[in-house]
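Using the sequences and the hints, build the whole thing.
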Amino acid sequence: MPAMRLQRYLARAGVASRRQAEELISAGRVKVNGKVATLGSSVEPGVDRVAIG
0 MPAMRLQRYL ARAGVASRRQ AEELISAGRV KVNGKVATLG SSVEPGVDRV
50 AIG
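Each residue of the sequence shown is one higher than the last, beginning at 0 in numbering that gives the first Met the number 0.
Just so you know, the hints here were simulated from the structure itself, not pulled from any lab data.
Mixed in with the good hints, there may be bad ones.
With a Cα cut of at most 16 Å, we get these calculated EDC-like pairs of lysine to aspartate or glutamate [stated by the list, open to error]:
{"no.": "1", "residue 1": "K34", "residue 2": "D47"}
{"no.": "2", "residue 1": "K30", "residue 2": "E43"}
{"no.": "3", "residue 1": "K30", "residue 2": "D47"}
Rendered as structure tokens:
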């Protein structure tokens, strides 16, 4: 599957709406492969590891 924006990925996973996902990312609560994500980050489903905390 091709890469997609992190906000969209979180929304499709049912974690949050896209707007809520943007707030989580801006607050530094989302990590991709162990690193804090930024707005505009992309993830590759099935390859990248996404964590919220």
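So, going through the hints one by one against the coordinates:
1. K34 with D47: 11 Å, holds
2. K30 with E43: 14 Å, holds
3. K30 with D47: This hinted pair holds, its Cα atoms lying about 10 Å apart.
Going through the hint list in order, the structure satisfies each hint without exception.
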